[in-house]
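Chemist: Each residue of the sequence shown is one higher than the one before, counting from 72 in my numbering.
In case anyone wonders, no lab produced these hints; they're calculated from the structure.
What follows is a set of in silico ranges between Cβ atoms, one per label pair, in the way DEER data are often shown: (1) L580 <-> S502: 16 to 24 Å; (2) T373 <-> R706: 38 to 46 Å; (3) Q510 <-> E378: 44 to 52 Å; (4) S668 <-> Q344: 48 to 56 Å; (5) E168 <-> R100: 25 to 33 Å; (6) E200 <-> A87: 28 to 36 Å; (7) K566 <-> P536: 36 to 44 Å; (8) P509 <-> S668: 37 to 45 Å; (9) E166 <-> T411: 18 to 26 Å; (10) T715 <-> S684: 40 to 48 Å; (11) D449 <-> G165: 40 to 48 Å; (12) K539 <-> D449: 25 to 33 Å; (13) M697 <-> T373: 22 to 30 Å; (14) A469 <-> R118: 35 to 43 Å.
We treat Cβ as the ideally placed atom computed from N, Cα and C, and that holds for glycine.
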Amino acid sequence: MKRRRRAAAEPGCLQAWAAESQALARRWRAARCSGPGHGGAAEREVRQQRDGFRELLRRIWGLPAALPTLPLELTVLYNSLLFTVGASDSVIEGEAEGIRQGLLRVLEACGADGQDLSTEELWQKVLQEVTAGELQAPLHRLGALQAAWWLAASRLGSTAGLFRLLSHAEDSGRACCREGENELLSLLKAWQAPAEEASLPLVQSTEDLKEILCTAAAFLQGLQELEAGNFATALSLFQEAAGGFCSKRVLAQIYTCLGCCAQQMGKPQTALQHLKRALQVDFQCLPALSHAAAVYRELGETNAELEALALLYEALGKKLPAAASSSPYFLIRTELLVDTPILASLLRHRHPSEVKYLLAQRCLQYGRVADAVEHYLDFLALFQEGLQQQVPLDDSSALPRIPEVFLETASALEQAGRHQDAITVCEEVISRTTDLIPQMLRVEERLEQPECPLSGAGLVGGLLPQKKESLRYLAWRAAGYLHQGWAWAKLGESKQAITQFSRCLGDLLRVQLYGSGVEPTENLLPEVEVLQKIRLLSLIGRGMQFLDLGRHKEALLDFMHALQISPGDPAAASYLVQALWKLNRKQEAAAHWQKFSQSPPKEDGQQEGRGRSFPLYLVSCLKQAMFPHSESLARSIQDYLATTAGTPQANPVSLPAPGWHEAFKDPLQDSELLLDKAGFPND
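Turn these sequences into a full structure, and let the hints guide you.
Modeler: So this is what it looks like as C-alpha cells:
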C-alpha cells in the first residue's frame, strides 16, 4: 500500500516540482535582467539558487525513479550543478558525482543497473539503451555538463568519446572531421542538442554551453600543443579559441598565449602584436606586459624593454578594476574549464620586488649605472621592509639569492663612483656569511658518477648540497672582499686595497680540491669556476696595487700566479710584462710580450669557463682588471727588440705548471711574511 500511495502521489508531486523549478528559474532570469549587483550580492543570489535547486532535487530523489518524472529530474539536476559551480567559482571533479547518480536513476527507471560501471561505460550504456524521445534533450544537456567537467580535468579523449555517443554513432562523429581538422572541435561543432521544452526552463542554455565548450577545447588543446613544442598547431588552436565565446579576461589570456607561441616560432614582431592586443583587451593582463619586455630584450630594444618593465612595476602597485566579463551571469565559464600548469606558468604574475630587481639588473647590464643604483637601492629598501619575502624563490622567480643582489648593488655603486657606499654594502655580505663558512672545505672531484645516486644527494662531481651551499657562501664573502679591494683602490688607498685583496685570497685557501687529478677544465663545478675567477681578479688587483707602490717583485709574483690559475689570461699576461719591464728584466719582458701578442685569442667558451657566463656582480671587477692598452710600452719593447736583433734571447720566466691539487694553494710561498713586511694586519 505504501508503494501505491507513492505512485498515486506522483502526478501531484510532478506538478509541484515543476512549478517550483519554474519559479526558481524565473527568479534567476529576473536577477539577470535587473542585475544582481557585484561582489557579495551576486554571490548570495547564486548561493540561494543553488540551495533552492539542491533542496528540490533532494525531494525528487526521495522517491523511486520513474520515466514521467525523469525529464524534470534531469533538468533540476542540470540547474543544480550549474549553480554549484557558480557558487564555488570552480569545477571540482567530485561535484560530477551528481551526474553519475542521475544516470543510475535513468537506468533504474528503465529496469537496468550500472553500479559497477565506470562513468564512461555508464554514459555508453545509457545513450545506447535509453531510447525514450522525451529523455534525449535532458540527457544531451547532462552530457554537455559532463564534458565541462572532463575538459576541466583535461580529459580530452573522454570528452571526444562522449560526443561521438551523443552523435548517435562513432562513424558519424568521424565523418564530420575532415582531414587535417581537429576531431574534438569538429565533434563539438557538429553536435546538435535536441530542442528544449519551454516547461523545463534552464539557467544556462545548451547552445551557450556548447560555445563555451568549443572555446575551452580549443584553448586547452592549444596549450597542450604549445607544451609539446608543436607551435604551428598551437597557434591555429589559439586563433580558434580567440574567435570563441569568452570573457575579456580570457580573451586577453589567449592573445598572451598567441604571443608566447609566436615568440617560440621566432616571430618576435608578431608576438608583440598579439601581446599588445592582449593589453588592449584587458590591461589587467599584466603577464602580457612581462612577456612583451622579454620580446623587446630579444630584439635588443633596450628602451622599450625598460619602459615595459617600468609600466609593469607601476601597474603592480595599483588596484585597477578587473576587466568586465562578456556576460557575468554565465555559471560555467571558459576560465573555469582551462586551468593547467602551463597556463599558470605563462600567466604568472610577478611580484613587484621581482620587477624592481629586473629593472636594476637590466640597467646594470646596459651600462645605465645611475638608474641601476636607484633601482637596486629601492629593492634593498623593500628587502629591509621584508616585502620581498613574499616572493616564492622557485625556478620561475627572477630573483637570485639575496647576497648576490647586495654584490650587484656594490658593483653598480662602484661604477657610479660611490666607492665608500660599495664598501658598506659589501661589509653587510661579509658579516652575514662569516659564521656560515667552515674553516676548511674539502671538495672531492670524481670522474665517475655513482650508478644509483640518491635523489638530491648526488650532484655534479659528487658534491653534496651542504658543500655546494658552503661554496656559494665562500664565493659571496670572497667577492665582498674583492669589491672592497677595488673600491679602496679607486679611492687611492692602495694599502687598504691590498689588505682586502689578501683577505679575499686567504678566504679562498679554505677550499681543498682533491681526488681525481684531472685537468682543471674537466668536470669543473660552476661554483669552483666562480671561485677561481675571484682568485684571478684578486691576484691581478693586488698586483696592480703593488705596482703602484713600486713593489714590483711582489707584483710579479701575483701576476705569475694569476697566469698559473688562468694560462693565457690577457690582463695577467700584460701586467706580467709590465712588471718585468719595470724590474729591468727587459729580455724576459720582450719574450713574454712576443709570446702573448702572437698567440691567438681564446675562444669565448674557453675564456668564460666553457661558455658559462660569470655572475653579474663580477662584471665591474672584470672591467677594472683589464690591462689598459699602452702604446708607449709596446713601442719601447719593439725598439728594444729592434736593437737586440740577432742577440740570443733569454728564455721567459717559467711559470710552474699547476696541478689540480694546487689550484687553491697560497699564491705566495709566505703570504703572512708578505703582509708583515707591508705593515698590514694579518687576517
